[in-house]
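Student: What follows is the residue order along each chain.
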Amino acid sequence: MSTDVVTPAAERGPEAETAVLTVNGQPRELQVEPRVSLLDALREQLGLTGSKKGCDQGTCGACTVWVDGRRVLACLTLAVTCEGHPVSTIEGLAAAGDLHPMQAAFVEHDAFQCGYCTPGQIMSAVKLLEEGHASDDAEIAEWMSGNICRCAAYPNIRAAIRTVRDAAGGERR
Amino acid sequence: MRPFSYARAADVATAIALVREHPSSAFLAGGTTEVDLVRQGVLRPGLLVDINDLPLDQIEDLPDGGLRIGAMARMSDVARAPGVVQRFPVISQALVLGASAQLRNMASMGGNLCQRVRCSYFRDPASPCNKRDMGSGCSALDGMHRGHAILGGSEHCIATHPSDVAVALTALDAVVHTTASGGDRMIGIDDFFLLPGATPDREHPLERGELITAIEVPGWPAARRSVYLKFRDRQSYEFALASVAAAIQIQDGTVTAVRLALGGVATKPWRARRGEAALTGRPATAASFAAAAREELAQAETRPMNAFKAVLAQRAIVRALSTLTDGKA
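Those protein sequences? They're chains A and B, same order as listed.
Count the first sequence with my numbering and you get residues 6 to 178, in order.
Count the second sequence with my numbering and you get residues 383 to 711, in order.
Everything labelled a hint here was simulated from the structure, so no lab data went into it.
We treat Cβ as the ideally placed atom computed from N, Cα and C, and that holds for glycine.
Do not rely on the hints blindly, as some may be mistaken.
[As the list claims (entries may be wrong)] Restraint ranges, calculated between C-beta atoms of paired labels, are given here:
| hint | chain 1 | residue 1 | chain 2 | residue 2 | range |
| --- | --- | --- | --- | --- | --- |
| 1 | A | Pro32 | B | Asp506 | 34 to 42 Å |
| 2 | A | Gly30 | B | Met526 | 24 to 32 Å |
| 3 | A | Asp142 | B | Met526 | 31 to 39 Å |
| 4 | B | Gly564 | A | Arg155 | 36 to 44 Å |
| 5 | A | Asp171 | B | Pro510 | 49 to 57 Å |
| 6 | B | Arg614 | A | Cys156 | 18 to 26 Å |
| 7 | B | Arg616 | A | Val112 | 42 to 50 Å |
| 8 | A | Ala100 | B | Gln468 | 37 to 45 Å |
| 9 | B | Arg402 | A | Val112 | 49 to 57 Å |
| 10 | B | Arg655 | A | Val112 | 53 to 61 Å |
| 11 | A | Glu88 | B | Ala659 | 50 to 58 Å |
| 12 | B | Val467 | A | Ala172 | 28 to 36 Å |
| 13 | A | Ala21 | B | Arg426 | 30 to 38 Å |
[As the list claims (entries may be wrong)] Every beta carbon over 10 Å from chain A, so not counted as near; a handful from chain B, in silico:
| hint | residue |
| --- | --- |
| 14 | Pro405 |
| 15 | Asp515 |
| 16 | Ser521 |
| 17 | Gly564 |
| 18 | Leu577 |
| 19 | Gln631 |
| 20 | Arg664 |
Starting from the given sequences, assemble the full structure and let the hints guide the process.
Tutor: Structure follows, in structure tokens:
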């Protein structure tokens, strides 16, 4: 839970007002109406178009980002609710120009076809390993079921996840 | 999405006062149903009061063997809490079999109990729906009702209650704790969910500005061997066609106590009291399980597309009870 001081009962909107979000470690100021989703704020206002809009109703997982270090759906999150809750997107995953191991594994295993679901798959897969639910393919499939791939690259996605899991010394529990 | 205002409440009293004062306001918890329905135009709040910062997210083991789940605890955190996994596996299983990992990280337990139905007519503002617009009619009665309820329906609404964990909590006689400007109260979970009857728009006995603070589950040693079984069209990330939460106590081959609740087949999380009564005192055999399941589903009112659910629910009951009795039955 956030420890930030929030002015109690301060009503905002429905017009756009200033909000400050911490995105990939950087404070970003933007003008948002309360109805703007985190996904639209990221894509339309901050130019972070890695997070994809597939269904915009919480069924496809293409918009998966991390808020407070947990994988969530940006399309069902209102941007204003993220003040005081750090947001991480696929753009923040590579460190100093080096691909994250999960990104590299997706490339190595050709874990995509059209690539539209890929940012969400990768953001979800990194957390899957942290959560410790990748012991076998069945468990990976179950705990990745919130990320749909209409090209059905699932076998290669699971292979990429296994590679990162095994390179990290097996499953982290 | 229609415009609305927003306020973030830092304490319970502020949250309650805000919602109480604004006639078109609503609490905003995980938002996984609410944001979607506001976007669809099904819900039209003037003000959303964000309660995600309220200190109501603890998961506590109680001294009497019970469990207290804060209303803002997330589904994922409850599912992996050691006291839940060990003493109430049916709760953990029901949570993990619901939604997706991302949604479980977002959705709160209080919000789960308040989630709206998945009926496609309810979710389409162009369709008649008594739950959304009382008096407009029910499109499902003679429409596409394969997923709809066969228990607890009325001529006004047959929408299925979508929650999995509420089915487990119903089997365990959980109690919903609320607070409002007038004080606190406790509502037995079976009374928390209202049958549609002539007022399908009213799903809970909550008053405007009344906030769920916690869910308490009484201790029951037999719950250590409880199970949630869910049948659905897809293997994962899908709502139930039929599900069952079950726990059973057996002494010398005779059933001394049994708890059964059904999901996916009823307009509310369905405590199968007829089935429980039919099984208590009987031998713990597959034949008894099947007889109890038949007794419960005898009251089903099926329609052409959902008649299969009466059979599926019976099989789910028998399978769940057989699993608990190590397949000996």
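Student: Now tell me if each hint is right for this structure.
Tutor: Hints, one by one, checked against the model:
no., hint, in the structure
1, A:Pro32 to B:Asp506: 34 to 42 Å, "holds, 41 Å"
2, A:Gly30 to B:Met526: 24 to 32 Å, "violated, 48 Å"
3, A:Asp142 to B:Met526: 31 to 39 Å, "holds, 35 Å"
4, B:Gly564 to A:Arg155: 36 to 44 Å, "violated, 51 Å"
5, A:Asp171 to B:Pro510: 49 to 57 Å, "holds, 55 Å"
6, B:Arg614 to A:Cys156: 18 to 26 Å, "holds, 24 Å"
7, B:Arg616 to A:Val112: 42 to 50 Å, "violated, 29 Å"
8, A:Ala100 to B:Gln468: 37 to 45 Å, "holds, 39 Å"
9, B:Arg402 to A:Val112: 49 to 57 Å, "holds, 54 Å"
10, B:Arg655 to A:Val112: 53 to 61 Å, "holds, 57 Å"
11, A:Glu88 to B:Ala659: 50 to 58 Å, "holds, 53 Å"
12, B:Val467 to A:Ala172: 28 to 36 Å, "holds, 29 Å"
13, A:Ala21 to B:Arg426: 30 to 38 Å, "violated, 20 Å"
14, Pro405, "holds, 15 Å"
15, Asp515, "holds, 21 Å"
16, Ser521, "holds, 20 Å"
17, Gly564, "holds, 20 Å"
18, Leu577, "holds, 28 Å"
19, Gln631, "holds, 31 Å"
20, Arg664, "holds, 36 Å"
Checked against the numbered hints above, the structure violates hints 2, 4, 7 and 13; every other hint is satisfied.
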